[in-house]
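Keeping their order, the protein sequence lines are chains E, U and V. Numbers in this note's numbering are just positions in the first sequence, counted from 1, shifted up by 286. Numbers in this note's numbering are just positions in the second sequence, counted from 1, shifted up by 196. Numbers in this note's numbering are just positions in the third sequence, counted from 1, shifted up by 3.
No lab work stands behind these hints: they were computed from the structure. The beta-carbon is built from N, C-alpha and C at its ideal position, and this holds for glycine as well. Misleading hints may appear alongside valid ones.
[Stated by the list, open to error] Using 27 angstroms as the maximum straight-line C-alpha spacing, the simulated BS3-like pairs for lysine-lysine come out as follows: (1) E:LYS716 - V:LYS479; (2) V:LYS185 - V:LYS335; (3) E:LYS716 - V:LYS399; (4) E:LYS716 - U:LYS247; (5) V:LYS185 - V:LYS64; (6) V:LYS397 - E:LYS716; (7) V:LYS479 - V:LYS397; (8) V:LYS399 - V:LYS335; (9) V:LYS399 - V:LYS479; (10) V:LYS397 - V:LYS335.
[Stated by the list, open to error] Derived DEER-like restraints, expressed as beta-carbon distance ranges: (11) E:ASP386 - V:LEU686: 18 to 24 angstroms; (12) E:ASP722 - V:GLY129: 14 to 20 angstroms; (13) E:SER732 - U:ALA282: 29 to 35 angstroms.
[As the list claims (entries may be wrong)] Footprint (simulated), chain E over chain V, 3 or more residues, beta carbon under 8 angstroms: (14) 147-155; (15) 158-167; (16) 571-583; (17) 682-693.
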Amino acid sequence: MNIDTSQLFAIFGVESLLGLLGLVLIVTDLLVGKGRLTGPATAVRTLAFGGLVAIFAWSFVLEPGAEGALGTLDSFALFFKRFFLATAVATLGVAAPYEDRLSAGRAEFPTLLVFTTLGMCLLSSANDFVTLFVGLELVTVVLFLMAAYRPQLPRSIEAGIKFVVIGALSAAFMVYGIAFVYGTTGSFEFSQISAVINAQESLPAGLKFGLLMVLVGLGFKLGAVPFHIWIPDVYQGAPTPTTAFLSVGSKAVGVVLLMRLVYTVMGPAAAQWTTVLAGLAALTLLMGGLGAIPQTELKRFLGYSGISHAGFLLVALATHSEASAGAILFYVVTYLFANMAAFLVIVIVSRTDDDNHMDRINGLANRSPFLALVLTTSMLSLAGVPPFAGFFAKFMVLRAAVAEPALVWLVAFSLLMAVTSLYYYLCILKRIYMRDAVDTGFLEISGGARLLLLLCMLAVFAFGIYQQPLVQAAEAGASSLFR
Amino acid sequence: MIPLEHWLYLSGMVFTLGLCGVLMRRNVILVLMSIEIMLNAANLALVAFNKYLPPDPATGATAPDGQVFVFFTIAVAAAEVAVALAIAMALFRRLDTVNVDDVANLRW
Amino acid sequence: MDMLPFDVNTLTALCWALFVIPFACAFTLINFGRKLPRGGDWLATAGIASCAVIAITLFFKVIVGFGAPEWAWSSAAYGLSWDWISLESLQLPVGFYLDNLSVIMLTMVTIVATCIFFFSQGYMHGDRDYPRFFAYLSYFCFAMLGLVVVDNLLFLFIFWELVGVGSYLLIGFYYDQEEPPKASLKAFMVNRVGDVLFLLGIIIAWQLVGTLNYTEMFAVLESGAFADRTGWALAGWDTQTLLTLSGILIFCGAISKSAQVPLHTWLPDAMAGPTPVSALIHAATMVAAGVFMVGRMYPYFTPDALLFITGIGALTALIGATMGLVMWDIKKVLAYSTMSQLGYMMLGLGVGGYVAGLFHLITHAFFKACLFLGSGSVIHSVHSQDMRDMGALKNKMPWTYRTFLVATLALAGVPCFAGYYSKDQIVANALSWGLSHGVAYYVPFVFAVVGAFMTTFYMFRLVFLTFHGTPGDQHKYEHAHESPAVMVLPLVVLAIFGIGAGGTIHPLAEHGNLWFNRLVPEPASAAVAGLEHVGADTSVHGESYETYLEHFEHNLHVAHYPALIVSILAIVLGILLARRMYLTKATDPAAVARKFGPLYGIVCNKYHFDDMYGRKGVVGGLMFMNRAFAWFDKNVVDGIVNFMGLAQRFIAFVTGLFDKYVIDGLVNFWRFFVRALSSILRLVQTGNVRDYLTWTLLGVLILAITLA
């Protein structure tokens, strides 16, 4: 394995800069006003924000094409690097109004965020199981910390413990799976594994077992049934910015790696797994859809909602076509905007006492029409009501799936679950518009938060009406998987 | 020479042992240790697989990829355990328990 | 294409303005409504009024100015379409499409909406959420007008959903009461059922013809150039089946939106919303959107799909009418009446009376809006919706009464009123359909006539109970008062349309000469043309479809007078029955008779029969006739009357049970099922991490076994 440093930088430019940014943040925290809580936090947050935005902007200068032993910078990887950077920026925005509630570690939160983002960007480039494993663990381990970030809150610790146990277990499954894939193919590199897989009529048992274990590990990340079970608890317990990041970033990590594995590594051989993937998709849709109905806690509710969105992503994954891959990329972006807006609203309405009960959004329309409008847009987009972006995302997924004769039942089932899921999103709208407020305290919306909310709302609306640029980017990203 | 299968049986047994530990133990620390055992089973399999891979016809030697991967696993597991123990410590401080059955307030 | 009322850019800008203005008003009001003087009602009203000005200008330029039946304008033809999506694999340009039908529709919607905005200023006065109400109303107008002007099916669907959201918000407007939130949710859910099927229909149609633009769809269909279906999910199905299936699925959208059987149950519940909302959304515009959509897609429907539409329409017309008979809530009667009238429209479209169905859509909108607003005026005055609390209100509310009566006559289809011209055409078309097909196909005609009879009956029952007789609640009666001018004037305007929308008051006018018939020609069936291209069998009873159409056309002329006579008989019988059951039961028949002077003359009771025949010179048999009629009246008419009363009550009872236990049952069952399942599933989430691990492991094992 020959490693060329300049080539590595060409592939992992974004990651290098993120690593540098992380180190700068640590040093800044040490240098600026040591021992005090707010001084370094402000400095670190500003610096992290500036750095992430700069790297995000720089990523648009990058040209796809570089490829090496440990990673690849194809347009798919680049698409997801931008996606993860945008997620990180949005998470900082969600974290800013939340920061006052932290009694310690305010400055470290952005630093940790930068490091997880580094892991995620690494993963989007992975074309080797070594990169995959290291990147995944970097993401997971830091997220453990971010979930248990408020040790004085029992629910945060509980979330942390559950996340650690289940996350570590999934890592163990994954390594065991990687060992078997390595043993049966003789390599960690995706291209060679793919060659071995597609040279055979049917997969040998050891390879099948290995791949299954790896997929199980990724299923945890995506939140596919039956590996979704940690999601509601951890989402509910973790601090809201962490939950926001988990719900978008961590899910997207599962998406990136599953797409790479299913579309590139397994390639045509994945057709043998279509039924299994479709079955998982149906189960996930069912679980997410039904689980959300009795919920009364906002973050837990969004956790179940996220599971049902994972179901839609699995529908696309089971379809195995270029169109469906493009649909997935489109889907995650619309999900990013709708979800981030929802979480930021949750941070604002939960105010200082950090109560996330659904009562908090009762009568929101009268308390703050702006927040009500944002949350309505976001819920309608998540529910897939036209003309919001979420509708078009679902539409693309189903349109791709209709082309697969074996999946017609799944399309019908997805539509049914979409209708059912509408019920609980409407319950949220009902609370916003048709209930009297329970909490009447002042809702403080900072300028930055207002800007982020406006941006998310506009994006959800704009991508629903004028989705052409995003669809083109998504299809370009998807096409590089099928070369 | 011991055939590869034997190593794999051993690794499988260790993995299962770890899994049983994860499912049966209530103490967080022991659950984490069981997961470490599972990771060690995977490491064992990696090294064994590497040893039995056919050599590269060009160089006549087998690349030590699997054995290198084991180092990554060990390093990452160490980091994981560090974080996990910190959280377990927080659990003990705040709730005065290390029993996973006692933390079940987030549910339904 | 050459006849344009304005240059293309102006026309495009006007189309934009039509739905952007209401949207801007809605946006302003929801955010700043409370800060504006008078809650911003003037802004919303001015917004919709300016839309009305635009629509009326178009109407005069296009309808009155050109008067050309084939007039149509499509922005796509001028390259003004905007690519919503433009990718290699997916093309979807969006633009505007106007023709005589949409211009008439725009005019109707904006005029009715303007009247209702004014009315609402009085009706909603003092409500704590006054600005929000106008914001929602404006939002609704935005979606509704957008639905009319777009040029493709997918955007129609999108606006269709937005209209649904508006309906949801407005039904649940009184959120602090028990009923409205439930009703709004029910409306939304029931509509989603239809919408999912609609979307499936759109997807199939798209695969079938490769475009969703109306004109292009029909052109492709007509040429028989169906898209290649290899590799597609339903590839094995033949074109005819798919075309019919997609047509029926598309119609399913209209089933829920236009409250057709069996997805009609939301409409009566929707009356929990404020009355102006019922008038605008659940009588004049949104529920009619389904009919408009069927009219727009008319060339797409195969004869089999039209048969399905006919069946649903006929059933709805009858069932809706029977339900209207037994309601005591004034708005519920009107709701069932709306449902039944929508059934008439669908029936008209289904049997091939394209013009009749759509004409009824326009005329019905005016007088039904008038009826709802009239009921709103009454409710506003007596603070009750129960007709038993009302009575004798015509003295207290003379203008409400007059306009209400006019609208009732129009709805009943009394000659010279607007409803007569459209409804009579539907009945004639139904009869002609029966004549062209054979005995079994008379059912829609029979349903239509029986429905017409019942319509008259329940409407006059409503009028008698509300405005005539004695006060049901003395206290409420004493406090009743005529509504303010801002509420009465819209009533008058709508009542004038209730008379004038037919365009003539000549009772025997030829249908072909009516303004609507001259301007909105029936399009040729593109589906049939396309099917003939691919060699499918389109013959009707062994003769070609063209021959069938000629027969139908011929029979339509034959059917005109018989249908007219039967309808008028039905109306007369309806009024007679209503009078007997709800008027002569009053304590003092003589006083009632005096009060009913003018109406008395129209209604033929047994003495008038005698007099009439006497004056006509049947003097010789006068005594005999007297006795004969007395006997006839006593034994036959009374018998029929009693029997029909019983039968109606029975049918209404049975359909009520069907509604309550089967339709609601299905909806409730699904809700219950989902709830129960989710309660069971949540038990998995015990909170104990070791249980989670066990479940997960079980999942891994199952997966491994599945794959092994």
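Against the structure, the hints:
At roughly 34 angstroms between alpha-carbon atoms, LYS716 of chain E and LYS479 of chain V are farther apart than 27 angstroms, so this suggested pair is violated. About 16 angstroms separates the Cα atoms of LYS185 of chain V and LYS335 of chain V, which keeps this hinted pair within 27 angstroms; it holds. Among the hinted pairs, LYS716 of chain E with LYS399 of chain V is inconsistent with the structure: their alpha-carbon atoms are about 39 angstroms apart, more than 27 angstroms. Straight-line distance between C-alpha atoms of LYS716 of chain E and LYS247 of chain U comes to about 63 angstroms, which puts the hinted pair past the 27 angstroms bound.
Straight-line distance between C-alpha atoms of LYS185 of chain V and LYS64 of chain V comes to about 45 angstroms, which puts the hinted pair past the 27 angstroms bound. For the hint pairing LYS397 of chain V with LYS716 of chain E, the CA-to-CA distance comes to about 40 angstroms; that exceeds 27 angstroms, so the pair is violated. About 14 angstroms separates the Cα atoms of LYS479 of chain V and LYS397 of chain V, which keeps this hinted pair within 27 angstroms; it holds. Between LYS399 of chain V and LYS335 of chain V, the direct Cα distance comes to roughly 23 angstroms. Compliance with the 27 angstroms bound is thereby established for this hinted pair.
Pair hint LYS399 of chain V plus LYS479 of chain V holds up; C-alpha atoms about 11 angstroms apart against a cutoff of 27 angstroms. Using a Cα cut-off of 27 angstroms, the hinted pair LYS397 of chain V and LYS335 of chain V holds, with the two alpha carbons roughly 21 angstroms apart. Between ASP386 of chain E and LEU686 of chain V the beta carbons are some 38 angstroms apart, a value that contradicts the proposed interval 18 to 24 angstroms. For ASP722 of chain E and GLY129 of chain V, the Cβ-Cβ distance of about 19 angstroms falls inside the hinted range of 14 to 20 angstroms, so the restraint holds.
Checked against the hint of 29 to 35 angstroms, the C-beta distance between SER732 of chain E and ALA282 of chain U comes to roughly 32 angstroms, which is consistent with it. Counting residues of the segment 147-155 of chain V whose C-beta lies closer than 8 angstroms to any C-beta of chain E gives 0; at least three are required, and the coverage claim is violated. For the segment 158-167 of chain V, the proposed coverage by chain E is satisfied: 4 residues have a C-beta within less than 8 angstroms of a C-beta in that chain, meeting the threshold of three. Here the segment 571-583 of chain V counts 0 residues with a CB under 8 angstroms from a CB of chain E, which misses the bar of 3, and the coverage is violated.
Coverage of a stretch by a chain is defined here by at least three residues with a beta carbon nearer than 8 angstroms to that chain's beta carbons; for the segment 682-693 of chain V and chain E the count is 7, and the condition holds.
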